[in-house]
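Visitor: Kindly produce the complete structure, drawing on both the sequences and the hints.
Its first residue numbered 11, the sequence shown is counted upward by one per residue in our numbering.
Mixed in with the good hints there might be a few duds.
What the hints assert, rightly or not - No farther apart than 25 angstroms at their CA atoms in a straight line, the calculated lysine-lysine pairs in the BS3-like style are these:
1) K240 x K167
2) K462 x K330
3) K356 x K287
Stated by the list, open to error - Quick list of the computed label-pair ranges, beta carbon to beta carbon:
4) K338 x T175: 28 to 34 angstroms
5) A117 x H17: 46 to 52 angstroms
6) I444 x D89: 38 to 44 angstroms
7) E357 x I13: 29 to 35 angstroms
8) L105 x F64: 15 to 21 angstroms
9) C246 x T175: 48 to 54 angstroms
10) F194 x V241: 36 to 42 angstroms
11) K287 x L16: 31 to 37 angstroms
12) V279 x S14: 26 to 32 angstroms
Simulated from the structure, these hints should not be mistaken for laboratory data. For each residue, glycine too, the CB sits at the ideal point set by N, CA and C.
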Amino acid sequence: MKISPLHKTVLAIAAPAVIELILTSLTQLVDTVMVGHLGAYAISAVGLTGQPRFILLAVFIALNVGSTALVARFRGQNDKKSAELVTAQAILLTLAIAAILTIPGIAFARAMVVFMGAGSDTVEAATTYFRIMMLGFIPTALPITISALLRGVGDTKIAMRYNITANVINIVLNYLLIYGKAGFPALGVAGSAIATVIGNCAACAMALYAIAGKRFHRNGNHASDFIELKVTRRNCEPNPAMLSRILRVGLPSAAEQFALRAGLLIYTVTITSLGTKVFAAHQIVLAILSLSFVNGQAFGIAATSLTGQALGRDDPEGAKRASASCQKIGSLISTAMGILMFVFRKELVALFTVESEIIALGALIMILTALIQPFQSSFQIYAGALRGAGDSLYPAISMTVGILGVRPLLSYVLIRQCGWGLFGAWLALTLDQIVRFILIMRRFRSGRWVHKIV
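Guide: In structure tokens, the structure reads:
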């Protein structure tokens, strides 16, 4: 079958993004797998800290939506000076906010894991893990911002490289520091956090090097040809006009991210009340689900980049065609993924634990995980297209309705009233994903998003 030039362009952006996002997701997944041999308490300790940390990272993810949309437009207009201004403003904003959030993250680590419902066997390990992760919060946040800038212009291969490096370092140091190999101390859960932070530091250094400009590069393949951090007075002084444009697109996404994280926080607290083993099964399936996000996220990134660039060229029909192409390819892949997840559901859960009770419960939940794949990816891709156009409010509304309305309400009814336990919680998640898909699809098909001004 002949692949159209548009499909080739989509795949050229999405394929490296898939690898990058898989590697990003693998950070906590690898930690979960490698501490799993220490027992259910260790799986729960790593899992409990995920949502609070992502709530803090949501600030940057939201602001990055504005940065991505703007640099995509500037790429379409071939306006490199404006792209340099966005780059400097976004990085300085990230540094300032990350530095501010690090302090309460460390100070209130124990209170946070207790609030999350950590059992007595999990509190100390989870507190230590979270504090160490927060010590490395700045080098965790910076590569996220730089990746967002690179995605806006389609430079996804560069982010893929530094995420590969971070994950190799994480895996090697996990082995050495969790289990005490090759003369290193056996630090358990704390060792996995130290390994992750060191890997993130390496990724941060490589990300900054990638946008330092070709004058620093002997091999131009490791530098972006459009995104460049130029430290000048013009770029580094706060620019109210440009910051306003970033925030105009980013603030609805900030509301979306906080709604997402607040909803997931409520959802997680509800599930921790079901017991350590049930939460361990939930955390395993959630880790698998988070890995499956990468398909929708990758084609959503392609939709964001291509939509923004097409609208920058004043080509709304081209934006619609590019987004539709992303959704078509992404949905086909996600359907195939769902089939494989259903067929190999027991084997996937067994990668994380040898406890038969947890495997049986996790395999049951994996049926629902397989079912939601096409809905999940299509929502992400349509939302990516809208964000690339600067229409970030509608994805925020759709997310809020699902995550703060449908999911917690149905979780309460199905767990507390019907007594369906973890299966009820995941059935609520499934219906949440379907509702979100319907809402975002209606907005996309209306076509009004192509006229958004950023």
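Visitor: To test your reading of the hints: which numbers does this structure violate?
Guide: 9, 11 and 12
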